[in-house]
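Undergrad: Take these sequences, add in the hints, and give me the full structure.
When we follow the numbering used here, the leftmost residue of the sequence shown carries the number 18, and every step to the right adds one.
One should not assume that every hint holds.
Unchecked claim - The list that follows gives simulated cross-link-like pairs (lysine to any residue, SDA-like), each with its CA atoms no further than 25 angstroms apart: (1) LYS142 with GLU100; (2) LYS123 with ILE145; (3) LYS170 with SER83; (4) LYS170 with ASP124.
Please keep in mind that the hints were generated in silico from the structure rather than gathered at the bench.
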Amino acid sequence: EVCNYRLVPEPAASLALPFISRSLLAYQNLFSQIHDAIRNGSLKERAVIGSEAAAESMLEFGYSYSGSLGVVLLVQSDRDFFEGRLDRSIEALFQVLDIADNDTVKDVAHNLGNAVVKRLYDWSKSNIDGGFSADVRWTRSDGRQLGQLVERKQMQTMVDVIGATS
Numbered sequence: 018e019v020c021n022y023r024l025v026p027e028p029a030a031s032l033a034l035p036f037i038s039r040s041l042l043a044y045q046n047l048f049s050q051i052h053d054a055i056r057n058g059s060l061k062e063r064a065v066i067g068s069e070a071a072a073e074s075m076l077e078f079g080y081s082y083s084g085s086l087g088v089v090l091l092v093q094s095d096r097d098f099f100e101g102r103l104d105r106s107i108e109a110l111f112q113v114l115d116i117a118d119n120d121t122v123k124d125v126a127h128n129l130g131n132a133v134v135k136r137l138y139d140w141s142k143s144n145i146d147g148g149f150s151a152d153v154r155w156t157r158s159d160g161r162q163l164g165q166l167v168e169r170k171q172m173q174t175m176v177d178v179i180g181a182t183s
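TA: Quick look at the structure:
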């Protein structure tokens with residue numbers, strides 16, 4: 018599995034290392050929390066990730082490229098005849114990134130747990146603080162590509178909606 022993760026700073030923002038590292042770490046935690054919820058089928062209130070789910074969803078640095086700040090992250094994954102181990106987690110990630118109102122926050126909490134909502138809040142907040150939009154694109158083991166640009170304005174909406182819903 019390959020994740021192309023690109024931070025797009027606002028015109029007045031810089032690519033300061035503390036904000037970049039917070040964004041990447043928060044993204045790792047969000048993805049692992051989603052994978053844990055799907056793998057173990059339990060809706061967690063607290064943001065604790067099981068050790069097996071954490072190991073399976075660990076993103077590894079592949080390489081970086083210029084143009085804003087882009088990194089390619091890799092995940093070792095197995096694939097059986099029907100699906101890859103992370104296929105459902107990757108699909109769920111993009112459903113979570115579409116939170117726009119109280120109802121979708123409640124749906125995510127109901128389907129994946131409050132811990133996923135908290136991790137989404139943390140990721141969005143870290144990018145807002147850094148002045149970034151994030152372009153997230155995955156190529157799954159079956160060759161299917163999923164991705165979207167999550168603009169800073171959209172992340173602010175997610176933070177506001179999650180804060181109001183909580």
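Undergrad: It remains to establish, for every hint, whether it holds in the given structure.
TA: For each hint, the structure was consulted:
{"no.": "1", "hint": "LYS142 with GLU100", "verdict": "33 angstroms, violated"}
{"no.": "2", "hint": "LYS123 with ILE145", "verdict": "22 angstroms, holds"}
{"no.": "3", "hint": "LYS170 with SER83", "verdict": "24 angstroms, holds"}
{"no.": "4", "hint": "LYS170 with ASP124", "verdict": "22 angstroms, holds"}
Violated hint: 1 only; the structure is consistent with all others.
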